[in-house]
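Using the hints provided, position chain B relative to the given structure of chain A.
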Amino acid sequence: MVVIEVPEVNYTDYSNRQLAAVPLAFLVLALAIIGGWVVATGAPANMGLEFTGGVELRVAADGGDVEQQVQTAFDREPDSVRTILSDDVDEGRVVVVTFQATENDPEGFASNLQDQADAAGFTTLAVDQVSASFASDTARTALFGVALAFLGMSVLVFALFRTFVPSLAVVASAFSDLVIPIAAMNLLGIEMTLGTIAALLMIIGYSVDSDILLNDSVLRRTGEFYESVSRAMRTGVTMTLTSIAAMVVMAIVASVFGVGLLRDIGIILSIGLCADLMNTYLLNVSLLRWYKFEGVAR
Amino acid sequence: MLEPIKENWRILLLVVVVLGSTVALFGPGFGPEPAPGENASEAQQGITNLQYGLDLAGGTRVRAPLSGYTATDVALGGESPEAVADAVAAELDNASTRNVGVVPDESAVEVTDPTVTESQFRAAMDAAGYEYGGIRSGVTQETRDETMNVIQGKINEAGLSGGSVQQVQSITGEYFILVEVPGQGRQEVIDLLEERGTVRIDIAYTDGNGTAVQEGALIQGDFDEIGTATQSDRGPGAYVPVTVRNSDDDGQSPAHAFQDAVAQRGFPDAYETQADQCGYNSETGEIEEVNGDRNPCLLLVVDGEVINSFGMDSGLADDMGTGSWAETGRFRLTTGEFAEAQQISLNLRAGALPADLDISGEGTSSSISASQGENFRTYSLIIGVLSVFAVAGMVFLRYREPRVALPMIVTALAEVYTLLGFAALLGYPLELAVIAGFIAVVGTGVDDLVIIADQVMSEGDVSSRTVFDSRFRQAFWVIGAAAATTIIAMSPLMVLSLGDLSGFAIFTVLGVLIGVLITRPAYGDILRRLLTVR
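Going line by line, the protein sequences match chains A and B.
Those letters in the first sequence? Residues 1 to 298, per my numbering, in order.
Those letters in the second sequence? Residues 1 to 534, per my numbering, in order.
Next up, chain A with everything else stripped away, as it sits in the complex (with noise of 0.2 Å):
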């Protein structure tokens, strides 16, 4: 039967410049992917519906090919037009129809696009209209809300340890944290949207935890800088790696029964935790190792 164990990881043999590169290349390659993504659609991620504003139509049809269906269904051409799988029509097929909000939207332009929906046969199990300026105003809230939650956990970061590296040491990799998933999101193609919001805000949540625990064994506990960091590490792997657990069954179990946000969020949790993995134990250790050996010291 597979035991786990967490890994004693010799430190001692790596410099921290060493440790901290891996995390740092990440953490720059995610920039850049986010950078390149602003640069090329002028936003940073694959903005949904929610905030871009539009209408989303989910329709259903008795069979034949629906997304071809769907194409000359509609007096104007949808924006995207994707099929997820679905228990709701016996043909298990529901085609998500987006159409984006644009300057010139006439009165009633959802009812008019379900009415169309109808006509060509489709049932319509779903409409979604968001009016562009109520888009741009959730956009700038849900900024302000991410924006808010993370100087609000910084500020308390602070304040419980009240030494500047190893705090900054937390509020790095939670950043990081929070970047790596959004550049991974733009590569899978996963939209921002409120729910994926809400896995973000659970990576700052869940990633602090496993950086307090390690700053609290180095700094608050007796012994040895090794030792205390290898205690740490033995209950925050077991953390993080419990948490992924949960999240990539949820991914897995969401994608099957097509509950989209749910998979979402799993799948940003996942990466989220293993970059947190890796921020921690690499990023963080080294800036708390400088800073017992060599910061105190000066």
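Check each hint, because a few of them may be wrong.
Unchecked claim - Across the chosen pairs, the derived CB separations fall in these ranges:
(1) Gln252/B <-> Ser136/A: 54 to 60 Å
(2) Arg403/B <-> Glu67/A: 40 to 46 Å
(3) Asp303/B <-> Ala132/A: 41 to 47 Å
(4) Gln68/A <-> Arg400/B: 52 to 58 Å
(5) Gly134/B <-> Leu188/A: 36 to 42 Å
(6) Gly285/B <-> Arg76/A: 52 to 58 Å
Said to hold, decoys possible - Some but not every residue of chain A turned toward chain B, in silico, with C-beta under 7 Å:
(7) Phe134
(8) Asp137
(9) Ala149
(10) Leu151
(11) Val208
What the hints assert, rightly or not - Computed footprint of chain B on chain A; a stretch qualifies when at least three of its residues, placed anywhere within it, have a C-beta under 8 Å from a C-beta of chain B:
(12) 37-47
(13) 138-144
(14) 155-167
(15) 194-207
(16) 212-219
(17) 282-292
Note that these hints are calculated values from the structure, not bench results.
Backbone N, C-alpha and C fix where the C-beta goes; we use that ideal spot for every residue, glycine too.
Below, chain B alone, put in the same frame as chain A:
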């Protein structure tokens, strides 16, 4: 006797909380508020008292601002609101006094007709000669409150349980009305909100060879009491019992006016026996001969369309003739079909919204079919259970010791169970985002229990109680710090208007609080009992 209780109070507290949650989840009296005409068991969704949001039950959410403009800080100069409204309305070609509201408490004047533009309103305010601070889009607080009441009334009247309406403010300060109706499609909800059904009674009478109509013999505001739609006991058809207001501050009351009008149009003479019938033909708009007479008729007009025409019971006509009817003012509006009667009752009671909801312009709406909602409910249950199994599996693999791992899993489950109890108690509808919050709670909960277990069992066996307690306290510092960061990170979302996200944040914070205050200390006690040698 008291000693065991004192020793184990943390565990006992957990047991009490779990029992309390069971009561909230399954006990009668904690279920969803039933809509009028619905009993408690009909309002319940499934075997528990839990309520489900739109994601999990299907339904429609509409979020829209009220259209109109408001002039703020208006110098009303002590004039009566009516006079100000008249003066402003007189300067607007496309709005009547009904569309201009004056709220002295807020020193505000508003226009609620969607066709009036901002510059037209500005010009009208200038022309009417009132000084004002500025013009903003949207309507006054008073109108928003009133609109909410009317919408709530419409939802209740239509018998939609679980429907809710609230005001939300966006980050830019704009107000929105948020309406959520489970189990209804988008179009039905919008129809319900947008219909401005006006009901009135006209009198059709013969004028020479033709037919003349006296419009508005009774209008919406004349009714004092409006009964619920009732199936007629004789024959088909239904009616709405109403009472017409028979008092008035100045001049004639609506009941007396109506009575006079009926008498003047010759109803008492026309309706003397059962054979006297109304012969109004709604297609031609003419009164036709029935049994040799062309009798006057009452017309029930909804939204300008004649829904039904009827004559009058001879007894009632007599009372009107002698002038005794107005003392009670009781009257029945009859229709051909029950559904029509229901609609009329609804229109009379709830009536029109004080201002239009701008759904197609600035609004947002979403709707999910009931079958999809139901599927999502099953799926999220399965997803949640499997995630918990994954966590349990990892914990067993790591500790290989049921004494440590089993209480851990039981404690984490108790945490989720308690949260569900809270959701039932608060009547908070569960949504997908809340389910995600629950799974997050299991995750952080187990994380913290791992910290406790590792801390307590580090550095060899725990032999004495003092050793255990000091290690437990050390572990709790980390847990407290982690909980505080989570709460701080989530708190902005609880208050920002971000739809689903606030539910997620509320339940994550609630879960963390329950964890830190109740379940994690209890796990410490359980572990102590199992590990320390007494």
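Do the hints match the structure? See the list:
Distance hint check for glutamine 252/B and serine 136/A: the Cβ-Cβ separation is about 55 Å, which falls inside the suggested range of 54 to 60 Å. At about 56 Å, the beta-carbon gap between arginine 403/B and glutamate 67/A misses the expected band of 40 to 46 Å. Taking the beta carbon of each, aspartate 303/B and alanine 132/A are about 32 Å apart, not inside 41 to 47 Å as hinted. Range check, glutamine 68/A to arginine 400/B: Cβ separation about 56 Å, and the 52 to 58 Å hint holds.
Checked against the hint of 36 to 42 Å, the pair glycine 134/B and leucine 188/A fails, with Cβ atoms roughly 48 Å apart. About 43 Å separates the C-beta atoms of glycine 285/B and arginine 76/A, a value inconsistent with the hinted range of 52 to 58 Å. Checking phenylalanine 134/A against chain B: minimum C-beta separation of about 5 Å stays under 7 Å; hint holds. The beta carbon of aspartate 137/A comes within 5 Å of a beta carbon in chain B, closer than 7 Å, and the hint placing it at the interface holds.
The beta carbon of alanine 149/A is positioned within 7 Å of a beta carbon in chain B (closest approach about 4 Å), and the interface hint is therefore held. Using the Cβ-Cβ criterion of 7 Å, the hint placing leucine 151/A at the interface with chain B is not satisfied: the shortest such distance is roughly 9 Å. Interface hint at valine 208/A: satisfied, since its Cβ lies 5 Å from the closest Cβ of chain B, which is below the 7 Å cut-off. Remark: the stretch 37-47 of chain A is not confirmed as covered by chain B, as 0 of its residues place a Cβ nearer than 8 Å to a Cβ of that chain, below the required three.
Proximity of the stretch 138-144 of chain A to chain B, defined as three or more residues with a beta carbon under 8 Å from a beta carbon of that chain, is established by the 5 residues found. Look at the stretch 155-167 of chain A against chain B: 4 of its residues bring a Cβ nearer than 8 Å to a Cβ of that chain, three or more, so the hint holds. For the stretch 194-207 of chain A, the stated coverage by chain B holds: 10 residues have a C-beta nearer than 8 Å to a C-beta of that chain, and at least 3 were required. As drawn, the stretch 212-219 of chain A meets chain B at 3 residues by the rule of a beta-carbon pair under 8 Å; at three or more, the given contact holds.
Figure legend: the stretch 282-292 of chain A, annotated as covered by chain B; annotation inconsistent (0 residues with Cβ-Cβ distances under 8 Å, at least 3 required).
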